[in-house]
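A.B. asks: If you want the building blocks of each chain, they are given just below.
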Amino acid sequence: MRIVSSLLLVAAALAYPWLVPNYYLVYAGVLTVMYAAMATSWNILGGLSGYVSLGHSAFFGLGAYGTGLLVARLGWPWPLALGVSTAGVALFAALVGVAAVRVRGASFVIVTIALVSAMNLLAQGWRSLTGGSVALQVPSPFAGLHRGQTHLLFYHLFLALLAAVLLAWWLISRSRYGSGLRAIREDEDKAESLGVPTAAYKVVAFALSALFVALAGGLYALWFGSLDPIFVFSVVFGASMVLMSLLGGRRHLLGPLLGALIVAPAGEYFLIALGETQIHLTATGVLLVLVVLFMPEGILARRWRRDHNRRAPQVLRRSDGGA
Amino acid sequence: MITTAGLRKSYGGVTAVRDATVEVLPGKINALIGPNGSGKTTFFNLVTGLIKPDSGTVHYRDTDITGRSPHRIAHLGLGRTFQLCRIFPRMTVLENMLVAVRRTRLRELLAGIGNPAEIERARGWLRRTGIEHMETAEARELSYGQQKLLELAAVLMAEPELILLDEPAGGVNPALIERLVTLIRELNAEGHTFLVVEHNMDMVMGMSDHVIVFDRGAPICAGPPRQVRSDPRVLEAYLGV
Amino acid sequence: MTLLLQGLALGLLTGGLYALLAAGLSLYFGVMRVVMVAHPAFLFLAAYLTYSLHTGFGLDPLATMPITVPLFFGLGVLLQRVIIRGLDPMMSVLLTFGLALTVEGLLGTIYTGSYKSVSMDYATRSLSLGEVHLPYDKIIAFWIAVITLTALFALLVKSRFGRALRATVQHPEAARLVGVRTERVAGYGFGVGLATAAVGGTVLALVTPFFPASHWAWIGKLMAIIVVGGLGSVLGAALAAILLGVVEGLVLVTVDATWATLMFYAFLLVTLLLRPQGLFGGRLAHRF
Numbered sequence: 001m002r003i004v005s006s007l008l009l010v011a012a013a014l015a016y017p018w019l020v021p022n023y024y025l026v027y028a029g030v031l032t033v034m035y036a037a038m039a040t041s042w043n044i045l046g047g048l049s050g051y052v053s054l055g056h057s058a059f060f061g062l063g064a065y066g067t068g069l070l071v072a073r074l075g076w077p078w079p080l081a082l083g084v085s086t087a088g089v090a091l092f093a094a095l096v097g098v099a100a101v102r103v104r105g106a107s108f109v110i111v112t113i114a115l116v117s118a119m120n121l122l123a124q125g126w127r128s129l130t131g132g133s134v135a136l137q138v139p140s141p142f143a144g145l146h147r148g149q150t151h152l153l154f155y156h157l158f159l160a161l162l163a164a165v166l167l168a169w170w171l172i173s174r175s176r177y178g179s180g181l182r183a184i185r186e187d188e189d190k191a192e193s194l195g196v197p198t199a200a201y202k203v204v205a206f207a208l209s210a211l212f213v214a215l216a217g218g219l220y221a222l223w224f225g226s227l228d229p230i231f232v233f234s235v236v237f238g239a240s241m242v243l244m245s246l247l248g249g250r251r252h253l254l255g256p257l258l259g260a261l262i263v264a265p266a267g268e269y270f271l272i273a274l275g276e277t278q279i280h281l282t283a284t285g286v287l288l289v290l291v292v293l294f295m296p297e298g299i300l301a302r303r304w305r306r307d308h309n310r311r312a313p314q315v316l317r318r319s320d321g322g323a
Numbered sequence: 001m002i003t004t005a006g007l008r009k010s011y012g013g014v015t016a017v018r019d020a021t022v023e024v025l026p027g028k029i030n031a032l033i034g035p036n037g038s039g040k041t042t043f044f045n046l047v048t049g050l051i052k053p054d055s056g057t058v059h060y061r062d063t064d065i066t067g068r069s070p071h072r073i074a075h076l077g078l079g080r081t082f083q084l085c086r087i088f089p090r091m092t093v094l095e096n097m098l099v100a101v102r103r104t105r106l107r108e109l110l111a112g113i114g115n116p117a118e119i120e121r122a123r124g125w126l127r128r129t130g131i132e133h134m135e136t137a138e139a140r141e142l143s144y145g146q147q148k149l150l151e152l153a154a155v156l157m158a159e160p161e162l163i164l165l166d167e168p169a170g171g172v173n174p175a176l177i178e179r180l181v182t183l184i185r186e187l188n189a190e191g192h193t194f195l196v197v198e199h200n201m202d203m204v205m206g207m208s209d210h211v212i213v214f215d216r217g218a219p220i221c222a223g224p225p226r227q228v229r230s231d232p233r234v235l236e237a238y239l240g241v
Numbered sequence: 001m002t003l004l005l006q007g008l009a010l011g012l013l014t015g016g017l018y019a020l021l022a023a024g025l026s027l028y029f030g031v032m033r034v035v036m037v038a039h040p041a042f043l044f045l046a047a048y049l050t051y052s053l054h055t056g057f058g059l060d061p062l063a064t065m066p067i068t069v070p071l072f073f074g075l076g077v078l079l080q081r082v083i084i085r086g087l088d089p090m091m092s093v094l095l096t097f098g099l100a101l102t103v104e105g106l107l108g109t110i111y112t113g114s115y116k117s118v119s120m121d122y123a124t125r126s127l128s129l130g131e132v133h134l135p136y137d138k139i140i141a142f143w144i145a146v147i148t149l150t151a152l153f154a155l156l157v158k159s160r161f162g163r164a165l166r167a168t169v170q171h172p173e174a175a176r177l178v179g180v181r182t183e184r185v186a187g188y189g190f191g192v193g194l195a196t197a198a199v200g201g202t203v204l205a206l207v208t209p210f211f212p213a214s215h216w217a218w219i220g221k222l223m224a225i226i227v228v229g230g231l232g233s234v235l236g237a238a239l240a241a242i243l244l245g246v247v248e249g250l251v252l253v254t255v256d257a258t259w260a261t262l263m264f265y266a267f268l269l270v271t272l273l274l275r276p277q278g279l280f281g282g283r284l285a286h287r288f
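Residue numbers (full-length UniProt numbering), protein chains in the order written: chain A, 1 to 323; chain B, 1 to 241; chain C, 1 to 288.
Since the hints were made in silico from the structure, they are not lab data. Note that beta-carbon positions come from the ideal geometry of N, C-alpha and C, so glycine has one too. Watch out, some of these pointers could steer you wrong.
Over the 12 Å line for every Cβ pair with chain C, so calculated as not near, a few chain A residues [as the list claims (entries may be wrong)]: (1) A12; (2) A13; (3) Y16; (4) V20; (5) P77; (6) G105; (7) N120; (8) V134; (9) H156; (10) L171; (11) V235.
Only part of the chain A face toward chain B is listed, based on derived beta-carbon distances under 7 Å [stated by the list, open to error]: (12) Q124; (13) R182; (14) G195.
Bound-form chain A, shown alone (with noise of 0.2 Å):
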């Protein structure tokens, strides 16, 4: 029964983009999965490891003007621009990670939110090699593919980095070095007087997390074709992975993928329903304010509760351990 009905969502939402009536609602599909893509990355460090990270929009912003400055000013093929910058973005982050991860908690935050800060700087900055607050304009690889077919095309490249980052999720939480990220998660100075090298895990979670949402930008930067700065490196954007994963569940591998579900779409309605006034962010605000204070546990957690007993888990909970 789960199997059919897990089959039948999977054909669902590869089929979305013909079941909807217009262009307009692919392209809401496609940021709802980008999203979901990306919170579910966000969850290899926040949800394993209890790192909260505002600034994983860094990544995302160095992996979509790595991919766009490739393709535009180098002419790459796009498939090794991602590729490239993909990568670069994981070594950075990796060398981010080992000085971030020192720190724990509410001092690990703020480091994060500097890091976006000063990516942001950078990009505003230096004008040359960015066009600064004029957007950096990628030409599309798929030239002869009109709006709705592009929409069409990396909906599905989206619903396989989707795909990746979820079974990626799955593996390193059922695995040994999923355990050992909990354990850190639970208690740090515990796990690492039982053996775990904590500041590896940790810086390993890190990169892994930031490599996912790097392609994210990366496939970002090719279908949308212009970047500003201020949009790619906001730290609101940051925080919507971050609000998607509590309001869906942090500890649950679709989690993140059910907050996005929730929550990117309804940021779409506001901005039809209210045209582009600043509302959409009080919203967004008092959503986390509420998520915060009566629901830190997210969803899944909710219903995981009330049903936990009656299965027989073995080494892991539900909770934790994902479908």
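Take the given structure of chain A and dock chains B and C to it, following the hints.
C.D. replies: Below, chains B and C alone, put in the same frame as chain A:
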């Protein structure tokens, strides 16, 4: 087994451990006693690498482990518990057991946690500590005594040669203390060396082979329980005469 | 040489202002272990209130403080009592982040996204000392910061409330044992922190144009200041603020604005790597 020389650590103006030269005898149950604030826990943290000494050295067997990170010290075969029992509250009992790592190879890391041999080993320790019936519970659902047993069992998973216990009997009922003592004796007979910080004098004197007494951050005497009990310096430290 | 002197003098004045703006952040962290990401948003809320009172009723910006300061104090006590208390540090960061978004969205909706500024004729002139020119608005800002911080230190050091607050900061359990009502003290501490935001906002309105998203640029700077100063230490933050203000001023006149701002992040990074407890004491950074 552990030899420290001139170990020293101060916080601001307060010296927590001064010139601690201590020897932990291999194969024995060693006890570390002393009044509150005499530096016992700081000494533990210095030995296990959780804090770094201002000066002095720590040797484990013939290896200098001064200033090494805790996980590398753990890999050498040192396991420890904490004064206020520390477990991973939101992980299951069984998963708590599987955190401890002795060697880290990439393939083992990426392998699932469900390795049957490991799980069997974990269940073995849970049986010996008497909490095997709780294996699927979340650790925070255990009673305090059970949590202490779990903490010890989890440490044993790494097969440590030397086990440091920080107040194992603190906040635990007499029946459980009895069980703990039996377990420690058995494990010692199987070749594990112990260093135990404890305030329960009956337990310390009844169980240990070698007692080290700390006062104001430094060891003041060491020897078999009988000898230590009658040492005037110890009486002075405890009674403040 | 003149250029350097100019940079140094401006940096010193700006540093004083930074000290005022960061004081609240240190206070929240000291008392509650809360990293109050929304502090800059409240600064600009105060700046907008000043703007409204100025344009609506013709009040001098400085004369709005008797209204905004008590208002913000009350708001701070309320915030602490109703929603912030009892949250762990990580969750409180996210919560105050949500507050920042809420405030920004409301400001954007009410005042639109365009720049606003409050300009007084006395604030547009400059004081010339030889070749060095110091704008009066920066000088006014500096002195308001000095006066406010002096008052704050006097409050923390001399008053009974201050003693209770410091006791709460240093050892909450011990403070409770000797009869300090730590919850109430924490609430007032938060109120005082937000009251400094009211003063800071007024000053900001005087010296710089602003728009609803302005607070983002300040979060990173102010965070860098309190980390470099040692989290939770009000005095450390003030010293770090002066230091970073001067560094920024010097880089500004010798290189450019981007690098001047990047200095904050460079100092933050180096502090965390080499001295996570901060340059001027504070032992808590590592844990929180």
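A.B. asks: Each hint should be assessed against the structure and marked as holding or not.
C.D. replies: How the hints compare with the structure:
The Cβ of A12(A) lies farther than 12 Å from every Cβ of chain C, with a closest approach of about 32 Å, so its non-interface assignment holds. The Cβ of A13(A) sits about 29 Å from the closest Cβ of chain C, beyond the 12 Å cut-off, so the non-interface label holds. For Y16(A), the requirement that its beta carbon stay farther than 12 Å from each beta carbon of chain C is met, with the minimum near 29 Å. With a closest Cβ-Cβ approach of about 29 Å to chain C, V20(A) is found to remain outside the 12 Å limit, as its non-interface label requires.
With a least CB separation of 32 Å from chain C, P77(A) remains clear of the 12 Å interface cut-off, as annotated. At the 12 Å boundary, the C-beta of G105(A) falls inside the reach of chain C, the nearest C-beta of that chain being 5 Å off. At the 12 Å boundary, the C-beta of N120(A) falls inside the reach of chain C, the nearest C-beta of that chain being 8 Å off. Taking the minimum C-beta to C-beta distance to chain C, about 16 Å, the non-interface status of V134(A) holds against the 12 Å cut.
No Cβ of chain C comes within 12 Å of the Cβ of H156(A); the nearest lies about 32 Å off, and the non-interface call holds. For L171(A), the shortest C-beta to C-beta distance to chain C comes to about 26 Å, beyond the 12 Å cut-off, and the non-interface label holds. Residue-level check failed: V235(A) sits 6 Å from the nearest beta carbon of chain C, not beyond 12 Å. The interface hint given for Q124(A) is broken, as the beta carbon of that residue sits about 40 Å from the closest beta carbon of chain B, more than 7 Å.
Among the interface hints, the one on R182(A) holds; its C-beta lies about 6 Å from the nearest C-beta in chain B, closer than the 7 Å criterion. Hint status for G195(A) relative to chain B: holds, with the closest Cβ pair at about 4 Å, below 7 Å.
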